[in-house]
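Student: Protein sequences appear in the order of chains A, B, C and D. Using UniProt numbering, the first residue of the first sequence is number 1, and each one after it goes up by one. Using UniProt numbering, the first residue of the second sequence is number 1, and each one after it goes up by one. Using UniProt numbering, the first residue of the third sequence is number 1, and each one after it goes up by one. Using UniProt numbering, the first residue of the fourth sequence is number 1, and each one after it goes up by one.
Think of the hints as simulated: they come from the structure by calculation, not from any bench. Careful, some of the hints might be misleading.
Covered stretches of chain A, as calculated for chain B (at least 3 residues, CB under 8 Å) [stated by the list, open to error]:
1) 26 to 36
2) 50 to 62
3) 70 to 83
4) 127 to 140
5) 349 to 360
Just so we're clear, the structure is a prediction, and the values are computed from it rather than from any experiment. Note that beta-carbon positions come from the ideal geometry of N, C-alpha and C, so glycine has one too.
4 protein chains.
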Amino acid sequence: MDIVCWWYSAGGKMDYFYGPGRNHLFVPGPVNIPEPVIRAMNRNNEDYRSPAIPAMTRTLLEDVKKIFKTTSGVPFLIPTTGTGAWESALTNTLSPGDRTVSFLIGQFSLLWIDQQQRLGFNVDVVESDWGQGADLDILASKLAEDTAHTIKAVCIVHNETATGVTNNLAKVRKILDDYSHPALFLVDGVSSICALDFRMDEWGVDVALTGSQKALSLPTGMGIVCASPKAIEASKTAKSVRVFFDWKDYLKFYNLGTFWPYTPSIQLLYGLRAALDLLFEEGLENVFERHARLGKATRLAVEAWGLKNCTQKEEWFSDTVTAVVVPPYIDSAEIVRRGWKRYNLSLGLGLNKVAGKVFRIGHLGNLNELQLLGCLAGVEMILKDVGYPVKLGSGVAAACAYLQNNTPLIASRV
Amino acid sequence: MDIVCWWYSAGGKMDYFYGPGRNHLFVPGPVNIPEPVIRAMNRNNEDYRSPAIPAMTRTLLEDVKKIFKTTSGVPFLIPTTGTGAWESALTNTLSPGDRTVSFLIGQFSLLWIDQQQRLGFNVDVVESDWGQGADLDILASKLAEDTAHTIKAVCIVHNETATGVTNNLAKVRKILDDYSHPALFLVDGVSSICALDFRMDEWGVDVALTGSQKALSLPTGMGIVCASPKAIEASKTAKSVRVFFDWKDYLKFYNLGTFWPYTPSIQLLYGLRAALDLLFEEGLENVFERHARLGKATRLAVEAWGLKNCTQKEEWFSDTVTAVVVPPYIDSAEIVRRGWKRYNLSLGLGLNKVAGKVFRIGHLGNLNELQLLGCLAGVEMILKDVGYPVKLGSGVAAACAYLQNNTPLIASRV
Amino acid sequence: MDIVCWWYSAGGKMDYFYGPGRNHLFVPGPVNIPEPVIRAMNRNNEDYRSPAIPAMTRTLLEDVKKIFKTTSGVPFLIPTTGTGAWESALTNTLSPGDRTVSFLIGQFSLLWIDQQQRLGFNVDVVESDWGQGADLDILASKLAEDTAHTIKAVCIVHNETATGVTNNLAKVRKILDDYSHPALFLVDGVSSICALDFRMDEWGVDVALTGSQKALSLPTGMGIVCASPKAIEASKTAKSVRVFFDWKDYLKFYNLGTFWPYTPSIQLLYGLRAALDLLFEEGLENVFERHARLGKATRLAVEAWGLKNCTQKEEWFSDTVTAVVVPPYIDSAEIVRRGWKRYNLSLGLGLNKVAGKVFRIGHLGNLNELQLLGCLAGVEMILKDVGYPVKLGSGVAAACAYLQNNTPLIASRV
Amino acid sequence: MDIVCWWYSAGGKMDYFYGPGRNHLFVPGPVNIPEPVIRAMNRNNEDYRSPAIPAMTRTLLEDVKKIFKTTSGVPFLIPTTGTGAWESALTNTLSPGDRTVSFLIGQFSLLWIDQQQRLGFNVDVVESDWGQGADLDILASKLAEDTAHTIKAVCIVHNETATGVTNNLAKVRKILDDYSHPALFLVDGVSSICALDFRMDEWGVDVALTGSQKALSLPTGMGIVCASPKAIEASKTAKSVRVFFDWKDYLKFYNLGTFWPYTPSIQLLYGLRAALDLLFEEGLENVFERHARLGKATRLAVEAWGLKNCTQKEEWFSDTVTAVVVPPYIDSAEIVRRGWKRYNLSLGLGLNKVAGKVFRIGHLGNLNELQLLGCLAGVEMILKDVGYPVKLGSGVAAACAYLQNNTPLIASRV
């Protein structure tokens with residue numbers, strides 16, 4: 001018998017990065033998982049063909065519709081990421097060569113557009129400055145011109161995670177309606193759904209999607225896609241090649257009552273059950289208000305620090321992520337690095353066009369006021385570390401002033 | 001403050017199926033997860049762009065090659081299932097209309113063929129009776145005829161999970177070599193890799209793949225695909241439409257040293273690290289021998305019960321799953337149902353052509369002798385339950401006689 | 001940054017004993033913890049002075065009475081082991097020099113007697129052969145003679161874990177009543193409560209106790225003591241020195257509604273909550289029947305092997321542990337060692353007088369039929385390993401024959 | 001099959017107090033458990049008589065001496081709490097009627113004195129105002145007078161958790177030495193060991209003790225007692241009645257190499273292994289510095305708020321807990337209540353004499369700068385909530401100014 005580490009053989013190769021205390025996770029995803037959800041997933045595998053899993057799946061499919069605010073939509077819980085969910089939305093509803101209108105306003109809308117192009121669609125890109133929302137006037141004019149209905153889908157990211165910009169989906173629907181345009185309305189709700197109010201039915205969204213590791217506060221690995229009846233109808237004739245992402249296979253197993261065309265993650269199913277329960281327990285509207293509160297507090301801190309929000313107008317302010325613009329003499333990546341190296345704080349990098357220029361504070365998912373304030377205090381110290389003349393305490397003071405007036409008592413503890 | 005369940009609000013909708021004691025999980029996947037792996041995954045999310053995750057990923061990519069026995073292959077850890085891994089293998093190496101030779105010997109080879117067809121390939125199906133292995137003589141004759149090299153890929157399931165049939169991959173390679181045929185050699189190793197000896201380099205396999213929930217003994221959610229240099233080369237010109245499954249994006253991020261084109265499951269990465277450590281600690285060859293031992297013991301029990309193995313010849317016997325043929329007067333689904341309802345035992349159903357005719361005992365992954373013997377004792381009682389005149393104890397006795405002579409001491413405890 | 005094991009620094013000193021598959025835990029405690037209980041305990045610490053912990057404690061104290069079948073008893077959940085629970089029972093009710101009658105029938109009754117002596121009581125030991133139950137005729141004669149009521153307490157182990165002997169508590173009560181003797185009736189229910197029917201009120205038990213790691217199927221660390229009103233009354237005048245174990249401090253905090261005189265284990269409280277829920281879900285009477293079934297099956301196997309039960313008469317057979325006598329030419333410790341080294345099976349050693357002569361199979365707590373059958377198959381192979389001419393399969397066959405006729409369907413799955 | 005909650009039957013009685021985001025745990029124990037420790041404890045029970053547990057125990061006993069800074073001491077890991085550890089220290093070294101000198105400076109020293117009295121010792125109480133340290137001048141004069149050596153032990157709480165006062169143990173030793181007094185030196189290190197520098201050998205401490213749920217950052221349930229050779233010698237003649245807490249039984253099993261006189265908590269053993277590994281990885285001296293840093297930052301915040309530290313002189317300032325005095329018009333309990341109800345913040349109540357007058361911030365164990373800053377921000381908002389005219393951000397600013405200058409990079413991430 002050798003005397004070695006019980007867990008790790010000698011020569012273990014995993015890098016060691018332990019720091020004392022908790023990691024402060026403020027990237028805009030993956031986000032903090034609530035303890036009850038971690039517990040729910042702490043389990044062995046199970047036979048997904050036993051009666052237990054379909055019985056639970058039935059409740060999941062029913063309940064997941066509530067986070068989309070849809071009654072007529074059909075949800076799909078796909079073992080994939082947001083990128084796969086995008087692909088599922090597109091390939092099930094469109095055919096190669098189909099024209100889409102898509103808005104380029106940041107890194108994630110860029111990546112989706114790239115996917116649309118690589119999947120063979122004819123993408124009509126509407127570009128804005130990074131920091132601005134989708135240009136809906138251009139959408140209106142394109143729809144106005146498109147009397148032949150060559151536009152098959154309008155694709156929009158609800159909340160651009162790279163710049164902290166939230167687009168107005170009600171307005172998109174209104175424009176589509178104004179022109180009685182039949183284009184499908186496809187929405188990336190990855191960093192919005194479960195955090196920002198999302199009204200699939202009211203807004204006439206045809207496909208909405210999110211990923212488990214965002215505001216649902218689960219591990220990565222489940223792409224959640226919800227399709228309107230119109231989208232389901234479209235899927236019957238859409239010619240894009242697909243198998244793994246094909247809704248048809250899901251629908252077949254839904255009809256059989258066994259639900260899964262291939263093996264789901266047992267752990268994520270139980271995790272989703274727990275996550276939904278927590279969301280409903282808190283109350284979806286309360287969840288939205290909490291996000292609004294944390295977003296507002298963050299923006300007040302940024303203002304107090306004398307820094308600029310990457311988001312150019314208040315109407316686009318995001319309550320799930322704030323991209324903070326740093327002065328030109330500072331490399332925002334250094335801020336992120338120091339956060340991790342010195343304060344066990346994980347912030348989001350600036351991406352692509354805004355790399356080095358912004359850092360991001362994710363404030364979505366299972367998060368409360370004091371967690372955010374710890375992060376803001378950390379950012380202040382880092383700003384000082386990197387030579388920005390911040391007044392220590394200023395951002396926290398501004399955030400506290402707002403939060404002290406606006407944070408409700410915890411419902412279960414009153 | 002309401003007095004309600006802390007975890008579940010009143011009106012909780014999850015079905016309740018608790019039974020005392022452990023579930024005996026003997027479906028051929030998902031399989032039992034070792035406790036150290038469950039522990040390793042019991043964690044919050046992390047920022048996958050911090051230095052920690054790339055550092056760990058580097059070790060994973062290096063070590064995962066060992067389970068394929070390749071040094072030149074390039075592995076991809078894709079957030080998907082086996083079905084997605086199939087799609088990744090095909091779409092990255094082939095173009096629409098390409099001719100593949102594919103063997104239909106059971107439900108999973110059938111599904112792969114279906115995928116190949118739906119992805120637009122020209123599939124040359126070589127069918128055998130369910131219970132037989134791939135007909136390699138036909139392969140030889142097809143290759144012989146194919147002097148024009150219209151066959152772009154030979155696709156084969158190493159271990160057909162529906163019938164418990166293991167194909168001889170060395171022989172496939174030999175035939176390809178005999179005819180100096182340049183076709184790609186694509187292998188589904190879903191229910192073999194990490195349980196049966198798999199020699200990617202030696203057998204000249206071009207793409208091999210498995211899923212995390214099989215012999216790796218992890219939760220579902222990671223498709224592990226390994227590509228030979230020839231396959232990587234093919235991917236540069238393959239015209240199949242793909243984005244989520246595109247190796248190109250992975251390779252780009254490998255070069256950047258950040259590794260992930262989109263968000264991975266932090267939990268599965270740590271789980272994979274732990275799972276690989278356990279496999280290497282036990283020793284891969286010892287892992288294979290353990291599977292051989294458990295497979296043999298199972299077959300001896302089946303024989304002692306007077307039942308037939310669905311696998312028609314010894315050369316095809318699978319050491320990861322045994323499909324047991326029941327007498328015509330018994331519905332094998334009833335055996336599976338009773339196992340679950342009475343003994344907390346999860347067996348595999350007969351699928352498609354063999355539905356009702358066989359039940360399956362999965363004996364792969366993190367499993368030992370006494371676990372299997374408990375299962376075999378359970379099967380005996382169930383057989384009696386459903387009216388088969390089994391001699392109770394007979395199968396266990398046969399298995400024990402073999403195991404008592406062949407089970408080594410646990411290395412760490414000698 | 002060093003490349004070392006993330007968890008264990010170089011030079012990690014923990015011994016490594018990993019074996020593939022699950023450990024088969026058949027010592028008579030600590031026993032297997034159900035997965036839902038492990039999950040419930042998988043949590044951070046909490047402030048035990050917040051409203052949450054007292055609120056939960058209130059439910060625990062109420063519900064724990066059900067496992068003692070008492071309505072008038074007062075339970076104490078003490079951060080200690082069974083040994084500490086013994087001490088709590090004795091020091092709270094007796095004064096130094098007090099005469100107790102105590103039965104020596106095996107190692108655990110011996111240890112309790114040793115404790116009684118060291119605590120300064122005048123112990124009147126009634127000894128029987130190891131393998132026999134308490135000699136209640138002697139108790140009767142002692143009580144008959146004790147018209148002066150010098151006997152202050154009758155101390156008895158309900159189930160002697162070392163020999164697998166269950167004493168008849170109803171009969172003890174009857175004898176006490178026959179002589180209208182006021183002695184306190186103190187019972188060690190460590191390896192019985194939650195597994196064997198225990199009727200504190202009906203049997204007039206004054207103090208009953210158990211440990212969390214036995215049939216409650218929790219980790220070690222909670223001694224559960226239940227005191228009758230008569231015992232509580234006795235505690236007011238008992239002169240034994242005590243502080244940590246003093247019921248008075250608990251009662252004071254019960255009155256305050258904060259419940260804890262010192263810090264409890266948050267994890268064990270949540271674990272106990274989950275354990276009780278599972279027991280009530282299954283139904284206590286069903287739990288007892290399951291233990292009776294598993295005990296009977298074990299004894300049938302022992303008989304089929306041609307071995308002797310250490311317990312000398314059927315009336316004392318224990319449904320929680322079976323001590324198996326091995327032939328003189330075999331060292332029973334070798335059986336236990338081989339179980340652990342070869343089959344990942346944990347059996348109980350013979351203790352003290354029966355060391356080397358018996359090995360023990362614990363069949364209590366969260367356990368089902370197939371788990372036990374796996375263990376029995378393992379024991380058969382070990383017996384063969386060590387040279388005993390067992391007919392392989394014989395014990396399993398005998399157990400199966402019984403279990404196949406007597407195992408009910410799992411209630412939640414019907 | 002009923003449709004009920006899988007985990008909790010309808011009518012579940014556990015109170016529900018869930019709030020979004022993490023609980024901010026700032027009571028001075030139980031403290032936050034590091035994730036790796038939670039993981040290490042997430043496991044089934046094991047046979048503690050197998051070779052694995054003694055092998056691990058051996059490493060624990062060796063390594064635990066390091067946190068006491070002793071080489072000659074003998075450690076005991078007792079399944080109990082701090083209260084039990086006190087009792088172990090006293091009853092193993094003293095006889096009824098023995099004279100002890102004990103310092104009353106707050107609630108926990110009071111409770112220890114109460115225990116000493118109830119255990120039958122003749123306690124010579126040296127009382128100070130709550131907020132002051134032990135009066136060592138009086139100790140000196142008592143020792144000076146005690147030429148007959150009637151004082152058998154000097155009992156002192158290293159860090160009084162109720163008032164945030166740290167006593168000077170080196171000075172106690174010096175006084176004992178000055179008078180060449182042979183009294184035993186017994187130290188409660190419950191809220192100091194692993195957080196404050198503790199030098200058992202250098203200070204000639206005879207018994208030192210702590211509890212697992214304090215700076216070791218484990219769950220409650222293990223009392224860790226370390227005895228000097230002189231204390232071990234004393235235990236051979238000490239007449240206090242004891243069994244559960246008797247060192248003799250431990251020493252007997254140490255000699256046998258099986259270590260445990262009764263069942264330990266398997267989970268806590270693995271947890272302790274992980275906790276020690278993390279402490280050594282960080283470096284004990286770094287751990288002390290981190291506590292010094294967090295303590296200083298807290299005191300700076302308190303000062304900035306214009307509030308008084310309960311601790312009356314700087315020499316007694318505690319780096320593990322700060323008791324903050326509130327103005328007379330505020331009930332400090334209301335501060336604690338609002339923390340829990342509104343901000344998911346757990347602060348410590350004022351106890352006994354200082355109830356209503358102080359609230360306590362525990363800053364010990366697995367904790368880092370941003371966690372503390374989140375807490376401080378929360379306290380500021382609560383102070384405002386309850387009508388104290390705090391300048392929001394002031395305390396955080398003061399703490400940040402200090403921390404930004406004094407927090408080192410995380411060693412593993414440089």
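Student: Does each hint hold? Answer for all of them.
Tutor: Evaluation of the provided hints:
1. 26 to 36: holds (count 7)
2. 50 to 62: holds (count 7)
3. 70 to 83: It holds, with 5 qualifying residues against the three required.
4. 127 to 140: Violated: only 0 residues of the region 127 to 140 of chain A have a Cβ under 8 Å from chain B.
5. 349 to 360: Answer violated; 1 residues pass the 8 Å Cβ test.
This entry does not satisfy hints 4, 5, going by the numbered hints stated previously.
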